[in-house]
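The sequence shown begins at 1 in the working numbering and counts up by one.
Derived from the structure by calculation, the hints contain no laboratory data.
Hints may contain errors.
[To be verified] In silico PhoX-like cross-links for lysine-lysine, where the CA-CA straight-line distance does not exceed 25 angstroms:
1) K119 / K100
2) K205 / K114
3) K100 / K114
4) K205 / K119
Note that the structure is a prediction, hence the values are computed from the model and not measured.
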Amino acid sequence: MVGRRKRGWTRRTTFALAGVVLLLAVSGCRWPRDAGTTLDDVRGGVLRVGVSEAPPWTRVADDGTVTGAEARLVQRLAERLDARVEWYPGSESTLMAALKDRVLDLVVGGLDAKAPWTKQAALTRPYVTMRTVVAVPDGVAAPPDLAGARVAAPAGTAEIAALRGEDAVPVPVPEVTGREGLPVVVGQWRLAELGLRDGGHDLAKHDHVWAVPLGENGWQVEVERFLLALSHGEVEELLVDAEREEAAA
């Protein structure tokens, strides 16, 4: 699912831009890793991670704190390697350019396996597949066809456009709670939490990956080994926790 976005200039925007400026400045200095040494450099050292905003996978707070399901996973990977994480927020395009220049060791942020960055980065094998579904609460029948069906979805998100593409009638809501009394759009990980059942209509399916520098085979194998050991349920639990944290913020 696509999270809500704030409009206008905020402290978060300023922080993200500062991260981008730092990346651009650093790329001209001595920081880039030598090809093939990333795993050795990260182990016992610093893991430099580019992060784009993609709740609940990743979220950058006004003070620069990075949270979300993948933020927790990055911290776990760092602990496994006895490394310290340095976060660099920015847009995907800026972060991938920095990854190509080996200024970063890793980029995360709800990346899809179909992301158009294969010339700038190596994408890991997908570690989890998540669906965005039309779900229904108890007492509400699942529509046999989305055409003409009223379906609630978070306002200002891609799900609204996806519903229109199915000829459904989107009902924008601030946040899906499961108490709307009509079919709703949610990430599949929220079904149990909200007491919903799958209505049999997928709006999207994403194979999630991380990005590493090209040619860093040892590093990519290490990252993939970590990711592929995760269970689907474990990732779902992290996403649910991230949604709750965001709602409480």
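Hints versus structure:
no.	hint	result
1	K119 / K100	8 angstroms, holds
2	K205 / K114	11 angstroms, holds
3	K100 / K114	18 angstroms, holds
4	K205 / K119	24 angstroms, holds
The structure fails none of the hints (numbered hints given earlier).
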